[in-house]
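Start from the sequences and build out the full structure, keeping to the hints where you can.
If you read the sequences in order, they're chains C and A. Quick note on the working numbering: the first sequence kicks off at 1 and runs consecutively. Quick note on the working numbering: the second sequence kicks off at 1 and runs consecutively.
For the record, the hints were derived by calculation from the structure and aren't laboratory data. The structure displayed is predicted, hence computed values, not measured ones. The C-beta atom is built at its ideal place from N, Cα and C for all residues, glycine as well. Mixed in with the good hints there might be a few duds.
Using C-beta positions, here's what the derived DEER-type ranges look like [as the list claims (entries may be wrong)]:
| id | chain 1 | residue 1 | chain 2 | residue 2 | range |
| --- | --- | --- | --- | --- | --- |
| 1 | A | A18 | C | D23 | 40 to 50 angstroms |
| 2 | A | Q8 | C | R47 | 29 to 39 angstroms |
| 3 | A | K25 | C | S29 | 24 to 34 angstroms |
| 4 | A | P129 | C | G64 | 35 to 45 angstroms |
Below, a list of computed lysine to any residue pairs in the SDA-like style, where the Cα atoms sit at most 25 angstroms apart [unchecked claim]:
| id | chain 1 | residue 1 | chain 2 | residue 2 |
| --- | --- | --- | --- | --- |
| 5 | A | K59 | C | E20 |
| 6 | A | K138 | C | D71 |
| 7 | A | K59 | C | Q60 |
| 8 | A | K59 | C | S4 |
| 9 | C | K2 | C | G84 |
| 10 | A | K138 | A | V83 |
| 11 | A | K146 | C | R55 |
| 12 | A | K59 | C | D71 |
| 13 | C | K2 | A | K138 |
| 14 | A | K59 | C | S72 |
| 15 | A | K146 | C | D71 |
| 16 | A | K146 | C | G64 |
| 17 | A | K59 | C | R41 |
| 18 | A | K59 | C | A36 |
| 19 | A | K138 | C | E20 |
| 20 | A | K138 | C | P80 |
| 21 | A | K59 | C | W45 |
| 22 | A | K146 | C | S63 |
| 23 | A | K59 | A | K146 |
Simulated coverage check for chain A against chain C, where a stretch passes if three residues somewhere in it have a Cβ under 8 angstroms from a Cβ of chain C [as the list claims (entries may be wrong)]:
| id | stretch |
| --- | --- |
| 24 | 38 to 52 |
| 25 | 114 to 124 |
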Amino acid sequence: MKISLLYFGRPRELLALSNETADVPDDISTLGALLAWLRLRGEVWNRELADNRVRCAINQDFSGLDAGIRDSDEIAIFSPISGG
Amino acid sequence: MSVAIQEQDFDVAAELAAMRNSSNKIGGMVTFVGLVRDFSSDGRVDSIHLEHYPGMSEKALDNIISVASARWNLISARVIHRVGLLLPNEQIVLVATASQHRGEAFAACEFIIDYLKTDAPFWKKELTPDGGNWLETKTSDVQRIKHWSAKNGEAA
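Now the structure itself:
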């Protein structure tokens, strides 16, 4: 399935990537599984996308790691927010 | 009730004048202005870089204002959040509220800035002589939110 991925904050800077369309295997069905799959990309991915380091949103709603993902979702991965 | 996310600075007096002129029923207006400090617990801060999630950030701020409006009797609310590179002493964020009586404007203004800190997707990086560091949601900000849900029963 095709997933639109957006990166903000610390991961955006350290992965040097702000967005991509990823072809994700169909058996990846949760946000947690997606992060685990992305961590296989290499050392910096493994470090920066650790479960306890990032927060995520699915289609612009904050979502937990057990949330389900679907084809054509927009998923944002970011460091904990710090506005204001 | 309106939200703006922008790089350019804002004029607090002009914003308040526009709010004041929007209704003759306003009895009081409250403003919060967040500024860039030149220090952190780690030392000197030369500037900050602010980014946001376009689309979601506007939605999140609209939602916070809606929740505040459901809880207090607001006549007007305005949030402006800047993004990009900001220097010490520059304005980062404006929250302004107007109501018939001051109590509601004070409470709603504080509520909106408190929830902005924990629910609106903005990210701040402090640029320092050693490089920089991304700030993360403070535990104290998460704690502040809890006092709003604890006070749920007494909303006017």
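Cross-check of the supplied hints:
1. One distance hint, 40 to 50 angstroms for the beta-carbon pair A18(A) and D23(C), holds here, with the actual separation near 49 angstroms.
2. A hinted range of 29 to 39 angstroms for the beta carbons of Q8(A) and R47(C) is consistent with their spacing of about 36 angstroms.
3. The beta-carbon spacing between K25(A) and S29(C), approximately 52 angstroms, falls outside the hinted interval of 24 to 34 angstroms.
4. With their beta carbons about 38 angstroms apart, P129(A) and G64(C) fall inside the hinted range of 35 to 45 angstroms.
5. With a C-alpha separation of about 22 angstroms, the suggested pairing of K59(A) with E20(C) holds against the 25 angstroms cut-off.
6. Distance hint between K138(A) and D71(C) is unfulfilled; the C-alpha atoms sit about 34 angstroms from each other, more than 25 angstroms.
7. Distance restraint check for K59(A) and Q60(C): the Cα-Cα separation of roughly 8 angstroms lies within the 25 angstroms cut-off, and the hinted pair is therefore satisfied.
8. Between K59(A) and S4(C) the CA atoms are separated by roughly 19 angstroms; this keeps the pair inside 25 angstroms, and the hint holds.
9. Annotation: proposed proximity of K2(C) to G84(C) is violated, straight-line Cα distance about 34 angstroms (limit 25 angstroms).
10. Of the supplied pair hints, the one linking K138(A) and V83(A) holds, its CA atoms being roughly 20 angstroms apart against a limit of 25 angstroms.
11. Distance restraint check for K146(A) and R55(C): the Cα-Cα separation of roughly 20 angstroms lies within the 25 angstroms cut-off, and the hinted pair is therefore satisfied.
12. The hinted pair formed by K59(A) and D71(C) meets the criterion: a straight-line CA distance of about 23 angstroms does not exceed 25 angstroms.
13. For the given pair, K2(C) sits about 34 angstroms from K138(A) by alpha-carbon distance, which is inconsistent with the 25 angstroms threshold.
14. Proximity of K59(A) to S72(C) is assessed by CA-CA distance (about 20 angstroms); at most 25 angstroms being required, the pair is judged to hold.
15. Restraint check: the Cα-Cα separation between K146(A) and D71(C) comes to about 36 angstroms, which exceeds 25 angstroms; the hinted pair is violated.
16. Note on K146(A) and G64(C): the hinted pairing holds, with a Cα-Cα distance of about 20 angstroms set against a maximum of 25 angstroms.
17. With a CA separation close to 32 angstroms, the supplied pair K59(A) and R41(C) exceeds the 25 angstroms bound.
18. For the given pair, K59(A) sits about 29 angstroms from A36(C) by alpha-carbon distance, which is inconsistent with the 25 angstroms threshold.
19. With a C-alpha separation of about 30 angstroms, the suggested pairing of K138(A) with E20(C) is violated against the 25 angstroms cut-off.
20. With a C-alpha separation of about 9 angstroms, the suggested pair K138(A) and P80(C) falls inside the 25 angstroms cut-off, and the hint holds.
21. Among the hinted pairs, K59(A) with W45(C) is inconsistent with the structure: their alpha-carbon atoms are about 29 angstroms apart, more than 25 angstroms.
22. Taking the CA atoms of K146(A) and S63(C), the gap is near 20 angstroms; set against the 25 angstroms cutoff, the hint holds.
23. Proximity of K59(A) to K146(A) is assessed by CA-CA distance (about 22 angstroms); at most 25 angstroms being required, the pair is judged to hold.
24. Three residues within the 8 angstroms Cβ limit are the bar, and the stretch 38 to 52 of chain A against chain C gives 3, so the coverage statement holds.
25. Counting residues of the stretch 114 to 124 of chain A whose CB lies closer than 8 angstroms to any CB of chain C gives 9, which reaches the minimum of 3, so the coverage claim holds.
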